[in-house]
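Undergrad: Each chain is listed here by its residues.
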Amino acid sequence: MSEIYGWTGRILKVDLTRGKTEMVDSLDYVHKYLGGKGMNHRLAWEEIPPGTKAFDPENRLIISVGPLTGTPAQASGRATVSGVAAQSYPEMYSHSGVGGWVPPAIKYAGFDGIIIHGRAPKPCYLYIEENKAKIKQAGDLWGLGNYDTQKKLKQRHGEETRILCIGPAGENMSRIAVLLTDTENAAGQGGFGGVAGSKNLKAICIRASGEVKIARPDLLLKLRRENSHPKEFVPIIDKGSWDYDGHTLNDVPYSRNKVSCSHSCDRHCWWMFHDVPRVTRPGLHSGKWMCIGRFTVGWQRPMGVNWPLWQQGLRAGFEITELLNQYGLNEWEILGGMVPWLVMADREGVLSREDFREILPITPDRPEWWVKLIKAVTYRQGIGDLLAEGTYRTIQQLGTGRYGDTIYHGIRKIPTKISLHAAWGYAGHWSGRGIHSVLEFPDYLIQALTWMTATRDPEDDTHIRAKDQWMNAFRKDPYSSQWGPRIAIWNEHRSELKSSLTLCDTIFPDTNRTDLESRLFAAVTGIEYTEKELDKIGERLKNMQRALLIRNYDRDRKQELAAIMPWFKRPDGTKGIQVDGSKFDRMTDEYYRQRGWQSRTGRPTKKKLEDLGLADVAGELHRQGKIAS
Amino acid sequence: MFGIVGINIRKGDLKMKDRIDKSRRGFLKGLSLGIAGGIIGGPGIVVSDSNGALQAAEGVSPRPYPPPATGRIAHVSLDKTVCVGCGTCELVCALTHDDASGPSLRRLWLVTKNFQGVSDTLLCHQCSAPECYFACPNEALNIDPKSKARYIDPDACEGCQACIESCPLNPPRINFDPDRSIAVKCDLCKDRDNGPACVEFCPQKALTFETDGDEK
Chain A
149 MSEIYGWTGR ILKVDLTRGK TEMVDSLDYV HKYLGGKGMN HRLAWEEIPP GTKAFDPENR
209 LIISVGPLTG TPAQASGRAT VSGVAAQSYP EMYSHSGVGG WVPPAIKYAG FDGIIIHGRA
269 PKPCYLYIEE NKAKIKQAGD LWGLGNYDTQ KKLKQRHGEE TRILCIGPAG ENMSRIAVLL
329 TDTENAAGQG GFGGVAGSKN LKAICIRASG EVKIARPDLL LKLRRENSHP KEFVPIIDKG
389 SWDYDGHTLN DVPYSRNKVS CSHSCDRHCW WMFHDVPRVT RPGLHSGKWM CIGRFTVGWQ
449 RPMGVNWPLW QQGLRAGFEI TELLNQYGLN EWEILGGMVP WLVMADREGV LSREDFREIL
509 PITPDRPEWW VKLIKAVTYR QGIGDLLAEG TYRTIQQLGT GRYGDTIYHG IRKIPTKISL
569 HAAWGYAGHW SGRGIHSVLE FPDYLIQALT WMTATRDPED DTHIRAKDQW MNAFRKDPYS
629 SQWGPRIAIW NEHRSELKSS LTLCDTIFPD TNRTDLESRL FAAVTGIEYT EKELDKIGER
689 LKNMQRALLI RNYDRDRKQE LAAIMPWFKR PDGTKGIQVD GSKFDRMTDE YYRQRGWQSR
749 TGRPTKKKLE DLGLADVAGE LHRQGKIAS
Chain B
38 MFGIVGINIR KGDLKMKDRI DKSRRGFLKG LSLGIAGGII GGPGIVVSDS NGALQAAEGV
98 SPRPYPPPAT GRIAHVSLDK TVCVGCGTCE LVCALTHDDA SGPSLRRLWL VTKNFQGVSD
158 TLLCHQCSAP ECYFACPNEA LNIDPKSKAR YIDPDACEGC QACIESCPLN PPRINFDPDR
218 SIAVKCDLCK DRDNGPACVE FCPQKALTFE TDGDEK
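As you go down the protein sequences, you meet chains A and B in turn.
149 is the number of the first residue of the first sequence in the working numbering; add one for each residue after it.
38 is the number of the first residue of the second sequence in the working numbering; add one for each residue after it.
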């Protein structure tokens with residue numbers, strides 16, 4: 149066999165029920181589906197039959213890396229976790245990215261991916277070392293928090309061991325439990341921590357010293373030199389004020405610096421605070437914050453206007469973030485969904501004393517309240533048993549009439565009703581409404597298009613990027629021009645690519661250097677694809693996922709529009725604009741036209757799938773009567 | 038922190054007792070103690086071999102004392118938080134030497150203590166009295182004529198790991214590649230036009246090529 153560059157050529161399959169592991173060849177998969185998210189779509193197509201539920205032993209927990217993972221390609225230290233997601237509503241195949249140092253360790257241990265299925269008879273963890281894997285007993289780890297689990301495993305297997313694990317929330321099969329590594333890196337969305345818990349799998353532990361070969365080192369270094377962001381040396385920032393959420397905390401007595409969240413990153417967008425004293429875990433001294441995590445400190449402008457949801461200060465916020473990590477709960481769900489919902493519902497006076505007694509009164513300005521909430525959710529105490537199912541299912545169960553659509557009409561610039569009962573079961577994400585009103589009309593129409601065919605929150609790993617001239621053209625005629633669908637489709641393909649190669653989902657794609665993915669791919673693997681050719685693979689991956697969602701969940705136009713439109717029919721959070729249903733319908737037509745999907749059903753045609761090299765997939769859909777002719 | 042001229046050693050790096058206990062060859066003991074005692078070596082100073090074990094066993098003469106390296110990879114600041122913990126240094130190090138990346142190929146080490154919020158790189162000091170150089174029984178450990186870097190010739194290395202065991206730093210700053218069964222160490226990228234790759238590509242500009250004049 150000729151030299152393999154970028155990939156390792158192997159997938160590890162683990163059957164927890166029988167306690168067996170085996171190795172399969174990955175080359176057929178990676179050449180067609182790259183790795184990461186894209187390869188997961190194909191593996192799920194083959195391994196997850198229709199009807200599989202999230203907590204069934206037959207569900208697969210698939211964790212894959214891509215050709216760039218573990219190489220000096222900038223911000224490449226990522227992996228994608230996929231399977232039937234416990235958090236999605238209804239339960240369906242979904243995904244979550246994770247960074248940190250576990251992804252390169254998977255590669256260096258000799259694997260392009262890991263597929264775990266079955267249910268271990270007793271708590272266990274998977275130990276991987278140099279092309280070998282063992283299932284080990286985890287009786288002594290069960291019940292421990294994520295930090296304590298990692299500390300114990302590092303003591304046992306060495307400080308260099310990389311660990312992905314679950315806390316008590318995952319063990320208790322919470323639908324909002326994460327798979328966590330280190331302190332703030334997690335496969336957060338999807339409830340894959342709960343899926344691991346249902347399999348009695350406490351942790352995946354990797355000790356690796358292998359290597360990944362790179363076809364064109366000089367080109368890779370050249371690209372890194374040209375496109376990375378070397379900065380002058382920036383020393384630590386010493387104390388003083390700290391800005392977040394358009395709000396400033398004065399006189400923060402702790403020093404901080406910026407750090408990378410993942411292997412091989414050329415940026416450093418996370419905050420690291422030093423020597424902040426801990427109450428719950430005195431051994432911990434520091435913590436990382438990025439994205440939603442820092443909103444534990446306080447959320448002052450949830451709709452872009454002054455409307456404080458809570459404010460509890462840096463030290464308490466610090467502690468709460470770490471508790472969420474320790475117990476293994478989804479920060480996005482708690483901070484971007486559950487707690488805002490509880491605050492608003494409480495202000496409306498709809499939380500019944502009886503049902504919510506464990507967490508009443510709702511006092512998020514007080515750190516003690518957060519501890520009470522986190523414990524109730526983690527250990528399923530009282531209302532926590534329902535909250536552990538996620539905000540969407542909680543509202544669904546309690547009744548959308550009282551707890552859903554009318555949840556807030558308080559003191560705001562535009563007093564509109566909002567809901568945290570949104571499509572596919574996740575808290576919102578930059579979709580122009582409610583506490584996620586970052587985007588204004590018409591920009592969120594693009595998010596609406598990508599959300600329509602997604603399985604998660606509106607932006608998932610897509611994080612829409614567009615050149616200014618594209619956006620300007622789109623804004624001139626948002627509903628009718630080709631630009632909205634065009635930008636959405638370009639981002640969907642790039643989203644598949646970045647989570648498959650793998651690259652950071654926040655900084656890619658770079659609209660100033662749109663051929664960077666294909667150049668990095670060529671440098672690492674030696675396979676020369678033009679930008680257009682690689683985009684075509686992105687399209688293949690999107691269609692592979694589409695086929696899976698159609699086969700397993702009968703997804704179609706009607707179902708998808710019904711899921712997202714109630715959200716967009718609400719006035720947005722900045723100008724009070726409602727999406728025009730019939731105009732959006734026409735926009736959807738254009739989106740399908742550009743995709744080569746049937747307009748009536750929103751399903752790929754046989755010809756489209758065959759063009760993308762997915763003839764066997766088209767064949768199976770045809771046999772099931774689920775394909776447009 | 039304490040330092041010896043030509044060696045930039047930080048507190049905690051040097052655990053002499055561990056090294057001595059591990060030493061298989063008697064002469065290493067004398068040499069290590071010599072450094073610990075602050076003896077400053079220079080060209081012409083003969084390294085004493087207290088019992089001549091190496092000479093007797095392997096029939097080689099002690100190698101002449103090498104000239105000091107022109108410099109070494111160092112941190113721009115003693116503050117460990119300058120490192121953002123991305124690992125780029127390790128990756129480009131392995132890539133420039135071996136056309137690959139992986140933990141066994143790196144010549145410097147990123148150490149992250151995530152629960153303490155500390156990242157740091159462990160670096161070869163290009164010691165003035167390079168124990169690795171004296172310990173190598175095959176003369177695979179050589180001195181580059183230009184940079185005076187202490188480097189390993191992969192073709193001559195037989196993988197005995199004597200150099201790794203002799204390194205006075207803890208952990209040793211020489212890596213072992215099990216695939217090729219050879220030791221690998223920092224050679225200051227002696228064959229690279231742009232100088233050390235780790236210094237060039239560190240996104241935080243936290244590493245520098247330090248000469249004795251720059252020493253902090």
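Keep in mind that the hints were calculated from the coordinates and are not lab data.
Source: prediction; values computed, not measured.
C-beta atoms are modelled at their ideal positions from N, C-alpha and C, and glycine is treated no differently.
Be careful, since some hints might not be right.
Some chain A residues well away from chain B (every beta-carbon gap over 12 Å; in silico) [unchecked claim]:
id : residue
1  : D330
2  : L397
3  : D399
4  : I440
5  : R463
6  : E516
7  : G552
8  : M619
9  : I637
10 : E676
11 : M713
12 : G761
Sample of chain B residues at the chain A side, in silico, Cβ under 10 Å [stated by the list, open to error]:
id : residue
13 : V121
14 : T125
15 : A137
16 : S141
17 : L145
18 : I180
19 : P182
20 : S184
21 : C204
22 : D214
23 : T245
24 : E247
Undergrad: All hints, please: hold or fail.
TA: To see whether the hints hold, each was checked on the structure:
1. D330: At about 4 Å from chain B, A:D330 fails to clear the 12 Å cut-off, so the statement is violated.
2. L397: holds (19 Å)
3. D399: Fine: 20 Å to the nearest Cβ keeps A:D399 off the interface.
4. I440: A:I440 is indeed farther than 12 Å from all Cβ atoms of chain B, at 19 Å.
5. R463: holds (15 Å)
6. E516: holds (24 Å)
7. G552: holds (39 Å)
8. M619: holds (29 Å)
9. I637: A:I637 is indeed farther than 12 Å from all Cβ atoms of chain B, at 32 Å.
10. E676: holds (18 Å)
11. M713: holds (42 Å)
12. G761: Nearest chain B Cβ is 30 Å from A:G761, so the label holds.
13. V121: holds (4 Å)
14. T125: holds (6 Å)
15. A137: Holds, because the Cβ-Cβ distance from B:A137 to chain A comes to roughly 5 Å (cut-off 10 Å).
16. S141: holds (5 Å)
17. L145: Violated, about 14 Å.
18. I180: Violated - the Cβ of B:I180 stays beyond 10 Å from chain A, reaching only about 26 Å at its closest.
19. P182: This interface hint is violated because 25 Å lies over the 10 Å limit.
20. S184: violated (20 Å)
21. C204: violated (18 Å)
22. D214: holds (8 Å)
23. T245: holds (9 Å)
24. E247: Given a least distance of 14 Å, the restraint on B:E247 is violated.
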